[in-house]
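Just need the whole structure built from these sequences, with the hints factored in.
Just so you know, the protein sequences line up as chains E and X, in that order.
So the first sequence is numbered by this note's numbering: it starts at 20 and just counts up by one.
So the second sequence is numbered by this note's numbering: it starts at 2 and just counts up by one.
Everything labelled a hint here was simulated from the structure, so no lab data went into it.
For clarity, every value in this text was computed on a predicted model and none was experimentally measured.
Each hint can be trusted.
Using C-beta positions, here's what the derived DEER-type ranges look like:
no.	chain 1	residue 1	chain 2	residue 2	range
1	X	G322	E	T50	48 to 56 Å
2	E	Y147	X	E140	27 to 35 Å
3	E	T50	X	D188	20 to 28 Å
4	E	K46	X	E300	57 to 65 Å
5	X	G46	E	V41	42 to 50 Å
6	X	E300	E	Y53	46 to 54 Å
Computed, partial: chain X to chain E, Cβ under 8 Å:
no.	residue
7	T130
8	R137
9	N196
We put the CB at the ideal spot given by N, CA and C, even for glycine.
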Amino acid sequence: MSLVRQTTNGIYNLILGLAVTVKHLFKHAITLQYPKERWTMPERSRGTVVLLSDTETGKLNCTACLMCEKACPVAAITIEREKNPETKKFEPTSFTIDMGICCYCGLCEKACNFSAIKLTGKYEMSIYDKSELIYDMDFLQKLGRDVKYEKRKRVVKKTAVKKATAKPKTTEARAESGDKKAEGTSSTKDDGDVKEKPKNETEEGKE
Amino acid sequence: MTVKELKTEEFMVNMGPQHPSTHGVCKLVIKMDGEEIKEITPHVGFLHRSIEKIGENRTYAQFVPYTDRIDYVASMNANHAYVIAAEKLGGVEVPERAEYLRVIMAELNRIASHLVWLATFAIDLGAVTPFLYAFREREMILDLFEMTCGQRLTYNYMCIGGVNWDIPKEFEPKLREFLKIFPSRVDDYEDLLTNNPIFLYRTKNIGILSKETAFEYSVSGPSLRGSGVKWDIRKAESYSIYDRFDFDIPVGYNGDAWDRYRVRMREMRESAKIVQQAIDGLPGGDIQTKVPRTWKPPEGEVFTRIEAPRGEMAYHIVSDGSTKPYRMKIRTASFCNLQVLPIIGINHLIADLVAIFGSLDIILPEVDR
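Written out as structure tokens, the structure reads:
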């Protein structure tokens with residue numbers, strides 16, 4: 020008796036499973052023929068990193084503040100900078116991202132205050148040689164030409180405004196007393212940043 | 002000379018590290034007596050990336066992307082575990098909306114993780130069709146994740162103090178659509194597998210894990226619940242906002258591979274229930290508490306645990322008051338669950354070992370870290 024029940028049960032369940040597959044026979048395919056058809060990537064898609072430039076002047080938004088370099092957990096970003104003698108502001112002289120070690124976490128984009136770096140929906144970046152994955156500044160800028168973005172508005176807290184207004188006063192005072200001193204202070208700042216770099220490198224070496 | 006007089010001896014077989022049914026790189030050295038398994042020795046460590054040590058060399062915020070890589074099938078849950086630990090350490094309060102979003106994402110990821118398990122488990126046993134169906138539904142979840150945080154596997158969605166991105170407008174209708182069709186899809190899987198005589202023959206009374214063995218080896222998650230122990234951190238030691246939702250903890254009876262399968266199938270339905278409640282009660286407001294860039298939690302240590310899809314995931318972080326943790330210990334469920342394989346796997350056929358190994362739902366990057 021139990022054997023009969025077992026077999027009828029078994030046959031019923033096999034047919035039940037078969038019915039599910041037959042049901043799907045008449046449905047549309049959900050696959051996509053990749054090289055001919057492509058997905059539309061969502062707006063927030065985190066793919067290739069690009070550098071954004073100003074829509075009017077065409078210059079890079081990057082101010083070489085090194086925030087993205089510090090935020091990067093895998094140290095994929097390396098920036099070299101120089102002070103422009105005319106505007107007295109830092110400008111990046113070289114900006115390289117090693118896409119081979121980039122983990123596409125988006126922390127650089129989060130750290131950037133000037134809408135200068137962005138992760139885009141571009142994902143086709145296969146190349147023949149590994150060294151070609153190290154993107155330099157010009158290439159990153161070229162990649163970012165057609166990327167639409169909204170410039171981030173800086174939200175400055177009241178306390179921060181006070182500090183910001185307090186600092187220029189001292190520098191102005193220094194400038195009045197002598198340009199040489201002002202230059203000296205800025206160079207020490209540079210040294211401080213330079214000193215920090217090797218620390219990070221040694222820590223990574225320990226791993 | 003009769004057959005009985007023939008000399009027989011035990012022999013060793015290497016299963017893995019490239020065996021497709023090991024779900025990663027795990028090498029099992031098996032001592033065989035004919036077709037029967039007499040001894041199993043798992044060799045792990047092929048995927049060791051010293052993530053705990055990396056954690057000591059990164060700032061608290063920088064470590065979040067690494068947690069994605071501990072369990073890449075359920076990154077949201079891995080994110081959640083770390084973020085909760087760091088917040089407890091620094092005493093950071095999380096906005097209500099962020100907590101709801103976290104629960105939605107974690108539960109969706111639990112469903113996605115169980116779907117991957119179902120697909121691979123079925124394909125290990127020779128059933129190819131559920132693989133295609135399960136991945137179709139997983140694709141819907143991954144699309145939801147992609148539109149929210151931009152990635153399909155390594156999300157980096159949660160951050161210390163909340164979540165990184167708010168959900169976009171098109172998220173809610175798509176999620177509701179998914180929740181509407183998902184229960185019927187689970188019915189489809191069950192029609193295909195649950196009472197299928199071939200499937201029953203491959204899983205019933207195979208790899209019985211007793212309660213006592215499970216306790217001895219600190220097995221957790223669905224593998225423990227399959228043995229009939231009603232233990233779920235979401236209920237037992239409620240974290241985040243899980244105490245606000247109404248859901249059951251499914252348990253098995255015999256502790257065999259089929260029971261573990263049943264527990265996971267029912268858990269998917271329960272998770273869908275939680276997501277439904279969370280999206281209905283999603284409040285407005287902030288998604289993130291501002292945490293300074295150079296965040297220094299006070300000195301001290303913290304231990305938190307959550308219920309990840311594979312079991313308990315726990316973080317023990319020791320802080321010395323600097324920007325980086327002094328010591329970090331990660332407890333992952335897969336490592337403990339793998340320990341019972343040499344016990345429940347013996348005296349079975351080698352084909353059954355694949356079923357037992359699959360039913361434990363082990364993911365190797367989580368074992369090795």
